[in-house]
Amino acid sequence: MSTETCARLDRYRGFRHVVRNLYAFELDPQQIQTLVEGLQPAMEQVSQELAAFAQFLERTAGEAKTI
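Here the sequence shown stands for residues 7 to 73, numbered as in the numbering used here.
Derived by calculation from the structure, the hints in this document are not laboratory data. Built from N, CA and C at the ideal position, the CB exists for glycine as well. Wrong hints could be hidden among the right ones.
Unchecked claim - Label pairs and their calculated CB-CB ranges:
| id | residue 1 | residue 2 | range |
| --- | --- | --- | --- |
| 1 | 69 | 40 | 38 to 46 Å |
| 2 | 67 | 27 | 20 to 28 Å |
| 3 | 64 | 9 | 20 to 28 Å |
| 4 | 39 | 68 | 39 to 47 Å |
| 5 | 16 | 57 | 17 to 25 Å |
| 6 | 13 | 39 | 18 to 26 Å |
| 7 | 25 | 69 | 38 to 46 Å |
| 8 | 26 | 69 | 23 to 31 Å |
| 9 | 43 | 7 | 38 to 46 Å |
| 10 | 26 | 48 | 30 to 38 Å |
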């Protein structure tokens with residue numbers, strides 16, 4: 007994955023950590039709104055990069071068969 011995608015996903019991972027380890031009253035509503043608004047673009051980016059990686063693996067497997 008690209009550095010940009012990793013950084014984007016890291017924000018969600020960090021939020022998950024806060025949710026699992028702190029009480030709900032300590033959550034920042036503005037941060038939640040920002041994460042919700044960015045979720046669709048983040049998932050589209052992840053999806054595109056995973057599809058590109060899958061294509062790479064398929065090409066690599068095809069090349070290995072011809073060797």
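Here's how the hints hold up against the structure:
no. : hint                : verdict
1   : 69 - 40: 38 to 46 Å : 43 Å, holds
2   : 67 - 27: 20 to 28 Å : 41 Å, violated
3   : 64 - 9: 20 to 28 Å  : 24 Å, holds
4   : 39 - 68: 39 to 47 Å : 45 Å, holds
5   : 16 - 57: 17 to 25 Å : 21 Å, holds
6   : 13 - 39: 18 to 26 Å : 19 Å, holds
7   : 25 - 69: 38 to 46 Å : 43 Å, holds
8   : 26 - 69: 23 to 31 Å : 42 Å, violated
9   : 43 - 7: 38 to 46 Å  : 21 Å, violated
10  : 26 - 48: 30 to 38 Å : 20 Å, violated
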